[in-house]
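Line by line, the protein sequences are chains A and B. Using the UniProt record's numbering, the first residue of the first sequence is number 1, and each one after it goes up by one. Using the UniProt record's numbering, the first residue of the second sequence is number 1, and each one after it goes up by one.
None of the hints are false.
Some chain A residues close to chain B (C-beta under 7 Å, calculated; not the full set):
| # | residue |
| --- | --- |
| 1 | A50 |
| 2 | L52 |
| 3 | F81 |
| 4 | A85 |
| 5 | I102 |
Far from chain B by the CB rule (all over 12 Å, computed), these chain A residues:
| # | residue |
| --- | --- |
| 6 | H21 |
| 7 | E57 |
| 8 | R177 |
| 9 | R213 |
| 10 | S217 |
| 11 | D232 |
| 12 | G254 |
| 13 | F294 |
| 14 | R296 |
| 15 | V327 |
If you're looking for bench data, these hints aren't it; they were derived computationally from the structure. Glycine included, every Cβ here is placed at the ideal spot set by N, Cα and C.
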Amino acid sequence: MSGLVLKDISKRFGSFTAVSHVDISVPHGTFVCMLGPSGCGKTTLLRMIAGLDEPSEGAILLDGADITPIPTHKRNLGMVFQSLALFPHLNVAENIAYPLRIRGVAKEDQKKRVDELLQMIHLQGYGERPVSKLSGGQRQRVAIARALALSPKLFLLDEPLSALDAKLREAMQVELRQLQQRLGITTIVVTHDQREAMTMADTVVVMNGGEIRQAASPVDIYRNPADTFVADFIGSTNLLEMSADSAGRATILGKPMAGLKLPTGLAKASVSIRPEDLHLTAPGGDAIDGTVTFIRDLGGTIETFIDVSGQSIVAVSTPRARPEVSVGQKVGVVLPDEACVVLKR
Amino acid sequence: MKREPPRTLADYGPLFFPATMLTVFFVVPFGTMIAVSFFQRQQGGFYTPAFVWSNYERFLSVFFGNVLGFSLMLAITVAICCVVLALPFTYCLTRMSRRAQVLWLVGLLSVLSLSEVIIGFAWSTLFSRTAGITNLLVAIGIMDAPRALYPGFGAVLTGMVYQAFPYTVLVLFPALVRLDPTLTEAARTLGSSPLRAFFNVVVPALRNTIVATLIMVFIFALGSYLLPQILGRPQHWTLSVLITDQAIYQSNMPFAAAMAVFLVLVTLALVSLTLFIGRKGEVA
Ligand SMILES: Nc1ncnc2c1ncn2[C@@H]1O[C@H](COP(=O)(O)OP(=O)(O)OP(=O)(O)O)[C@@H](O)[C@H]1O
Ligand SMILES: [Mg+2]
Numbered sequence: 001m002s003g004l005v006l007k008d009i010s011k012r013f014g015s016f017t018a019v020s021h022v023d024i025s026v027p028h029g030t031f032v033c034m035l036g037p038s039g040c041g042k043t044t045l046l047r048m049i050a051g052l053d054e055p056s057e058g059a060i061l062l063d064g065a066d067i068t069p070i071p072t073h074k075r076n077l078g079m080v081f082q083s084l085a086l087f088p089h090l091n092v093a094e095n096i097a098y099p100l101r102i103r104g105v106a107k108e109d110q111k112k113r114v115d116e117l118l119q120m121i122h123l124q125g126y127g128e129r130p131v132s133k134l135s136g137g138q139r140q141r142v143a144i145a146r147a148l149a150l151s152p153k154l155f156l157l158d159e160p161l162s163a164l165d166a167k168l169r170e171a172m173q174v175e176l177r178q179l180q181q182r183l184g185i186t187t188i189v190v191t192h193d194q195r196e197a198m199t200m201a202d203t204v205v206v207m208n209g210g211e212i213r214q215a216a217s218p219v220d221i222y223r224n225p226a227d228t229f230v231a232d233f234i235g236s237t238n239l240l241e242m243s244a245d246s247a248g249r250a251t252i253l254g255k256p257m258a259g260l261k262l263p264t265g266l267a268k269a270s271v272s273i274r275p276e277d278l279h280l281t282a283p284g285g286d287a288i289d290g291t292v293t294f295i296r297d298l299g300g301t302i303e304t305f306i307d308v309s310g311q312s313i314v315a316v317s318t319p320r321a322r323p324e325v326s327v328g329q330k331v332g333v334v335l336p337d338e339a340c341v342v343l344k345r
Numbered sequence: 001m002k003r004e005p006p007r008t009l010a011d012y013g014p015l016f017f018p019a020t021m022l023t024v025f026f027v028v029p030f031g032t033m034i035a036v037s038f039f040q041r042q043q044g045g046f047y048t049p050a051f052v053w054s055n056y057e058r059f060l061s062v063f064f065g066n067v068l069g070f071s072l073m074l075a076i077t078v079a080i081c082c083v084v085l086a087l088p089f090t091y092c093l094t095r096m097s098r099r100a101q102v103l104w105l106v107g108l109l110s111v112l113s114l115s116e117v118i119i120g121f122a123w124s125t126l127f128s129r130t131a132g133i134t135n136l137l138v139a140i141g142i143m144d145a146p147r148a149l150y151p152g153f154g155a156v157l158t159g160m161v162y163q164a165f166p167y168t169v170l171v172l173f174p175a176l177v178r179l180d181p182t183l184t185e186a187a188r189t190l191g192s193s194p195l196r197a198f199f200n201v202v203v204p205a206l207r208n209t210i211v212a213t214l215i216m217v218f219i220f221a222l223g224s225y226l227l228p229q230i231l232g233r234p235q236h237w238t239l240s241v242l243i244t245d246q247a248i249y250q251s252n253m254p255f256a257a258a259m260a261v262f263l264v265l266v267t268l269a270l271v272s273l274t275l276f277i278g279r280k281g282e283v284a
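Next up, chain A with everything else stripped away, as it sits in the complex:
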């Protein structure tokens, strides 16, 4: 298969397992975001793909060839480090030309390619600047251009945008995604910002504790999380307990849910329902009764916090569909069957 394949990769530091049994294949030209909480092994996995760390077990295949024993400098990849790692003794153009110089590209071709790359990152005329005299976003672009100078097969980025302010970060996310689509390069980005992952990725890989919890498209991850960790980590969700009543029917917070089934053989499960999928109605009837405890109006969205026998539930709505409720009021919460994702706990 063309693209990158990780086969049962594990990495141990002494007795500590940082990455355990990771199996994943990334088709050529895909944009993958690896997402997970701090310390879950994202950087370690990326470094193994780059060849900067050696896997304790498993193999890495690129376009069908086993590259596990190949040293970093022969892997033909571009990597952007969290610290960017721009060479302080070289100016912008020299930084970008560095990989070309190492490969012995002719001087005129180097210059042509550097000009091309400077144009690509919208920094024409900045070639002679020392890198220390650039803004954070400009440095970011230089690091990206340098990594792409040799048109690598694989483009790896470790939290490339984490040092930028929110506005610039969003702009760079879009820019990075467009660049990747234009070049059609297989790209793996590590991040712990789930919005960033949703914005850019074809495939989101959610990791926790050194393991892959789910790898799927952003919509899939959001709509059909594989477990409670993924449901909770991606976006915000309400995790409710589902159990069987005396008649064996599934109930949530004491209300029978006719349209839902417990996983076979289990008496308890979790249900994830996104805040925007809840409806608020008058109390009584089929709805679950609760009390409004807090309303947060964020302008674009309105969050209503409802207390249902000790459990807090959040509902999100747009200002147009603003629920006519006030704090302290009794309301009914409706959980549409099709929005409930039943998860093993």
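Mind docking chain B with the ligands on chain A? Use the hints.
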């Protein structure tokens, strides 16, 4: 916060201590030395205050010119050898585990605690014909017969590099520890082998540190006067040896002072030249 310019005498307070130290330990002795270098020598080891150039004139001969040239050449060679050896060594050291680093640094510090005399005699034994390392080489069949490796230039150089090496490592260590390790990793992902990355990333990024270290070792080596005597022949004696000889054995203080002043001036000139070239390289 903007700093107020000092106004009262008390505002200059913090300057007193360094100023006093500098005066007591540098300006006064150096001033005395300059003064003495113009004094008139009397028979029997005394000198009387005067203002004569004869001490400097005597120095301007082919013989002393050669000694000065040799001293500078030796110090520069020692400085280059030390940095060339210590830079990769220290680089590897910073990549080791904490424990290994501590062990190595303790070992290096213990070399620092050895006096020049001990280092000199230890190497003269190691380089001797009867008990030296050549006997080992004969034993394992590399050489036919043991041979004396001293006195000679190689022996002097070895002894002085050995002595200055720990200083070099200690000066380079903090800069190398602070060097971002992702710089070399980035170079590797960009197609540079680890060895090339060392030469075209680590070395240039540490340029200023390397220049400063070269100057430090150079000055350190310039002052060495025991090792050249123990491990070298008379033609390997440095200006420091001659200064000591004049000052202590010939009791010719004015001439010794004149040579010392001259040595200081030449050193300052060389150091400024190095810094000047370094500064220019930075702008380019
Ligand atoms: N060289 C090492 N020696 C020992 N343990 C290490 C080493 N490198 C990483 N680890 C451990 O492996 C685990 C995973 O680290 P890693 O850097 O991959 O996390 P991460 O997912 O990138 O986290 P973050 O989001 O904070 O960057 C951490 O618990 C870390 O302490
Ligand atoms: Mg990380």
